[in-house]
Amino acid sequence: MTVSEHTTAGFRNEPILELRRAPARESLLAALRELDAKLPLKVPVVIGGDRGAAEGIDSTDPGAPERLVARAGRASEEDAAAAVEVAVRGFREWGARPAVERAEALRGAAARLRERRLELAALQVRECAKPWGEADADVCEAIDFLEYYAREAIELDRGRPILQAPGERNTMRYVPRGVTAVISPWNFPLAIPCGMTAAALATGNAVVLKPAEQSPGSAGALADALYGAGVPPDALALVPGYGDAGAALVRDPRVHVIAFTGSGAVGLEILRSAAETLEGQDHVKRVVSEMGGKNCVIVDSDADLDDAVPEIVYSAFGYAGQKCSAAARVLVHEATADTLVERLAGAVNVLTVGQAESFATEVPPVIERESQERVMSHRASAADHLAASAEPVPERGWFVPPSVVVGLPEDSPVNREEIFGPLLAVTTVRDVDEAMDVIDSLPFALTGGLFSRSPATVERVAARSPVGNLYVNRGITGAMVGRQPFGGNRRSGSGAKAGGPDYLLQFVEPRVVTENTMRHGIPVE
Amino acid sequence: MEAELQRVGRAVEAELQRIGRLIHAAFPGRGLNPLRALDHKAMELASQDMELRAALFRFVDVTPACRSLDDLARHLTGYLDEVDARPPPLEAAMKMSGTKAGRAALGAAAAAGVRRMAHRFIVGETPRAALRSIRDLWEHGAAVSLDLLGETTVTEAEADHYAARCVDALETLAAAAPRWPGRPVLEADSLGPLPRVNLSAKVSALTPLLRPEAPELGREDAARRMRPVLARAKELGAHLHIDMESVDTQEATLDLVFELLDEPELRDGPSAGIVIQAYLRESPEQLERVIDWARGTGRRPPLVVRLVKGAYWDQEVVEARQHGWTPPVFEAKRESDRNFEVLTRRLLESWPYLRPAIASHNLRSVAHAVAYNRELGREHRELELQVLRGLGDDLAAALTQHGMRVRVYCPVGDLVAGMAYLVRRLLENTANESFLGEQQRGTPIEELLAAP
Chain A
0 MTVSEHTTAG FRNEPILELR RAPARESLLA ALRELDAKLP LKVPVVIGGD RGAAEGIDST
60 DPGAPERLVA RAGRASEEDA AAAVEVAVRG FREWGARPAV ERAEALRGAA ARLRERRLEL
120 AALQVRECAK PWGEADADVC EAIDFLEYYA REAIELDRGR PILQAPGERN TMRYVPRGVT
180 AVISPWNFPL AIPCGMTAAA LATGNAVVLK PAEQSPGSAG ALADALYGAG VPPDALALVP
240 GYGDAGAALV RDPRVHVIAF TGSGAVGLEI LRSAAETLEG QDHVKRVVSE MGGKNCVIVD
300 SDADLDDAVP EIVYSAFGYA GQKCSAAARV LVHEATADTL VERLAGAVNV LTVGQAESFA
360 TEVPPVIERE SQERVMSHRA SAADHLAASA EPVPERGWFV PPSVVVGLPE DSPVNREEIF
420 GPLLAVTTVR DVDEAMDVID SLPFALTGGL FSRSPATVER VAARSPVGNL YVNRGITGAM
480 VGRQPFGGNR RSGSGAKAGG PDYLLQFVEP RVVTENTMRH GIPVE
Chain B
0 MEAELQRVGR AVEAELQRIG RLIHAAFPGR GLNPLRALDH KAMELASQDM ELRAALFRFV
60 DVTPACRSLD DLARHLTGYL DEVDARPPPL EAAMKMSGTK AGRAALGAAA AAGVRRMAHR
120 FIVGETPRAA LRSIRDLWEH GAAVSLDLLG ETTVTEAEAD HYAARCVDAL ETLAAAAPRW
180 PGRPVLEADS LGPLPRVNLS AKVSALTPLL RPEAPELGRE DAARRMRPVL ARAKELGAHL
240 HIDMESVDTQ EATLDLVFEL LDEPELRDGP SAGIVIQAYL RESPEQLERV IDWARGTGRR
300 PPLVVRLVKG AYWDQEVVEA RQHGWTPPVF EAKRESDRNF EVLTRRLLES WPYLRPAIAS
360 HNLRSVAHAV AYNRELGREH RELELQVLRG LGDDLAAALT QHGMRVRVYC PVGDLVAGMA
420 YLVRRLLENT ANESFLGEQQ RGTPIEELLA AP
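Chains as they are written, first to last, in numbering that gives the first Met the number 0: chain A, 0 to 524; chain B, 0 to 451.
Worth double-checking, as some hints may not be accurate.
[Claimed, not checked] Reference excerpt, derived from the structure (chain B facing chain A, CB under 7 angstroms, subset only):
(1) V61
(2) P63
(3) G77
(4) T151
(5) V153
(6) A156
(7) P207
(8) E212
(9) A213
(10) L216
(11) D247
(12) W324
Hints listed in this document are in silico derivations from the structure and should not be mistaken for laboratory results. All values derive from a computational prediction rather than experimental measurement. The C-beta atom is built at its ideal place from N, Cα and C for all residues, glycine as well.
Using the sequences and the hints given, assemble the complete structure.
Spelled out as structure tokens, the structure:
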């Protein structure tokens with residue numbers, strides 16, 4: 000049991016498609032045509048292997064709202080309770096299986112996703128308006144989570160080395176907690192539900208998965224892959240639904256762990272609700288909560304703008320800014336501010352806004368009408384400060400013109416609130432220290448960026464920055480499993496790092512056994 | 000058939016060895032210019048220690064962004080601080096940085112060093128400023144292809160500006176060129192006249208819309224700006240060469256060139272060219288595609304194909320490894336060198352549909368091209384040999400001495416714009432296995448000319 004035997008050594012990230020090659024692009028377009036012929040997909044509520052009716056939730060194409068992508072069942076509060084009931088039973092059997100067997104099932108699910116990766120990417124293009132490159136990357140990340148946690152769980156199952164003294168044997172092991180409710184968002188429709196579900200299952204918990212109502216199709220594909228690879232029906236329930244079903248899961252006294260990724264408002268409500276220990280509840284709930292950000296990129300006077308401009312543009316406007324890691328603000332040194340703003344504005348003006356299925360599209364529509372209205376209202380509030388905007392945008396679909404606003408007052412809501420859309424605010428600062436003061440004044444601390452070519456500045460910012468993931472001289476999105484364990488601090492999250500070596504600890508409880516090995520005063524070992 | 004191939008192979012090899020020695024013997028002596036000796040010393044230090052090499056490159060790279068001498072000195076010592084074993088001159092530099100006056104002196108010295116180095120590779124800040132150097136080269140028997148260095152194009156305005164610079168460069172050169180003396184070797188081959196004015200242009204600079212996953216978008220936008228540049232080149236009787244960059248843009252670049260050159264108003268000029276990079280695994284197929292196009296098109300004058308090894312090796316390998324892809328380039332230098340010879344032969348065999356230009360500083364690669372050209376029964380003037388300003392100066396001098404047709408690729412631009420180019424050239428020059436490195440270390444001629 001040494002560190003060098005760590006089983007994640009064999010892990011490698013699933014290679015993304017080489018989309019610069021025409022045949023790779025053609026294969027995706029063919030997969031999209033095949034998928035289109037099958038729409039709408041049917042995604043029932045699945046509890047204990049019983050598949051309910053697939054109606055109640057319609058998921059549509061954000062770029063063509065009349066196109067029905069998936070028709071899903073809508074889980075009620077009663078369904079949520081029934082799913083937990085079955086999961087309590089399922090946990091006994093699944094949790095008792097050897098870690099290696101559970102890992103095999105997860106890796107089998109990874110293989111199933113791999114086989115369907117083109118189709119699953121196409122599904123995200125339709126269901127979530129994810130451009131191809133990002134849709135493909137999301138499928139790869141889902142595969143990565145399964146492969147990575149499968150290996151990590153085997154490692155964790157060996158326990159951790161602790162001190163031994165003569166005459167006693169000390170062991171520290173980790174056991175599953177119980178029923179885990181996974182409440183996932185639509186913006187990484189396969190990878191995020193997959194990561195939370197895989198972590199819970201790998202460590203022996205049973206899962207009730209409540210995916211976002213905007214993306215039940217991808218969640219259905221995830222459940223199919225897991226069932227197909229041998230995860231028992233009682234150990235995993237799929238309950239597509241709205242907030243009421245999610246809230247019922249959070250309240251349920253039989254739920255041990257709640258793994259949530261989504262908005263700050265919902266996350267804080269979950270933390271509050273889960274803190275209440277109900278009559279008959281025999282445990283304290285653990286909440287893993289990944290929430291929003293107001294992510295800032297610092298551009299120092301010695302930054303290489305040839306790199307900084309394209310990286311900032313992609314970080315802010317890739318997937319229309321709908322990533323929790325996306326860049327929302329640029330804090331630029333006064334010496335380079337004018338040049339940066341001019342080049343940034345010029346680069347944003349030529350962004351290609353369009354349907355996700357076009358390889359040329361850089362900014363797709365946002366997820367739904369409500370998002371469009373929210374972002375447009377923020378944009379209108381900062382209209383006097385507009386420095387760039389890629390217009391016009393298509394009429395059909397929930398499009399928002401990607402925009403840059405410059406020089407807003409520090410207390411403007413556009414500077415302070417998470418907008419989750421293609422709107423970037425630029426603020427000029429005297430120096431890097433003033434930029435750090437601005438960052439310190441924000442309640443969030445998810446990702447951050449720094450463009451500087453001074454080793455001393457890099458070290459100073461790294462030491463002071465509160466963010467969970469700081470990226471230096473590169474874009475601030477696109478964390479890779481195993482390479483950039485991902486998650487925020489402060490009000491951005493509970494500090495668990497998805498895709499990192501500490502993540503599984505959230506889903507287990509540690510137990511220590513100390514055995515006296517003396518018999519009649521003689522050590523028997 | 001087999002026996003005939005072997006005979007040709009032996010004949011070419013023998014001729015190559017002979018020509019290689021002739022060229023080598025004609026290399027000018029060195030060590031006369033103390034500043035140049037200093038550059039050699041710096042490069043030698045950088046070649047020996049990877050950490051030091053990284054530190055020096057990072058410093059060269061940041062130089063134009065520094066706001067003061069003090070800022071320069073702080074950056075320099077910041078990078079040197081990360082080097083474990085510092086040679087004595089740099090240890091002294093670290094000590095100087097303790098005081099404000101020391102930093103000012105250090106910053107000034109370092110800035111001068113970078114400017115001198117840049118001047119070695121960059122002929123001037125503008126085409127006009129470069130005219131004297133260009134004429135000097137011409138008088139010494141070497142033609143020029145001018146390359147306009149620029150920052151990465153991320154906006155429409157930057158793309159428009161680059162296109163305007165291209166037209167200005169063509170016009171500036173065209174106005175000056177008639178006053179240059181006659182140089183028959185440089186002015187015609189048996190297929191016809193060769194323009195005195197020659198400009199190299201980059202597709203990525205002509206559009207902010209190049210995206211690897213959507214080549215048609217950038218291609219159309221670049222075509223819109225390249226059309227007037229080609230038209231102007233045609234009016235002025237100039238040559239326009241389209242450079243090749245990383246694999247991310249190669250599809251757009253090749254498609255763009257074929258599409259534009261086949262347009263009716265460009266079918267009888269200007270003289271144009273493209274680049275094949277021998278380090279690419281798929282370069283043989285690319286060359287076949289170019290040959291097919293050239294045979295099929297009735298366009299005149301013939302397309303010039305510049306064969307290079309390729310200058311984006313590190314970038315291609317790192318990007319591929321990060322994404323879990325097979326690198327698109329040969330990973331062993333020997334494989335690239337071997338492929339270079341295969342492509343050289345194929346290219347020379349495609350004459351007169353294509354005009355060959357062999358761009359290499361590797362003595363063996365150059366001698367091989369010259370020998371094979373001779374084996375095909377052609378004169379020196381049917382083959383162009385290209386070198387880079389600052390890297391291939393000695394080779395160019397040796398080649399012109401033997402009456403060969405030489406063109407020097409001359410970058411023009413300010414220090415900010417030229418930095419990416421400069422760093423790439425320095426990387427090349429200090430790479431341990433580079434030909435220039437070997438040559439400077441005095442590797443014996445047998446090894447320099449050994450088959451890869």
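These are the hints, each one checked on the structure:
1. Satisfaction of the interface hint for B:V61 is found here, the shortest Cβ-Cβ separation to chain A being roughly 4 angstroms, below the 7 angstroms cut-off.
2. Using the Cβ-Cβ criterion of 7 angstroms, the hint placing B:P63 at the interface with chain A is not satisfied: the shortest such distance is roughly 10 angstroms.
3. Interface hint status for B:G77: upheld, as the beta-carbon distance to the closest one in chain A is roughly 4 angstroms, under 7 angstroms.
4. Here the hint on B:T151 is kept, as its CB sits about 4 angstroms from the closest CB of chain A, short of 7 angstroms.
5. Because the smallest distance between the Cβ of B:V153 and any Cβ of chain A comes to about 4 angstroms, under 7 angstroms, the interface hint for this residue holds.
6. For B:A156, the suggested interface contact is upheld, since its CB lies about 6 angstroms from the closest CB of chain A, less than 7 angstroms.
7. A hinted interface residue such as B:P207 counts as satisfied when its beta carbon comes closer than 7 angstroms to some beta carbon of chain A; here the least separation is about 5 angstroms, so the hint holds.
8. Because the closest C-beta pair between B:E212 and chain A is about 4 angstroms apart, less than 7 angstroms, the hint holds.
9. Given hint, B:A213 at the interface with chain A, holds; its Cβ is 4 angstroms from that chain's nearest Cβ, closer than 7 angstroms.
10. Residue-level restraint check for B:L216 holds (minimum Cβ-Cβ distance to chain A is 4 angstroms; threshold 7 angstroms).
11. Below 7 angstroms, beta-carbon pairs count as interface contacts, and B:D247 has one with chain A at about 6 angstroms; its hint therefore holds.
12. Here the hint on B:W324 is kept, as its CB sits about 6 angstroms from the closest CB of chain A, short of 7 angstroms.
Hint 2 alone, counting from the list given before, is not met by this structure.
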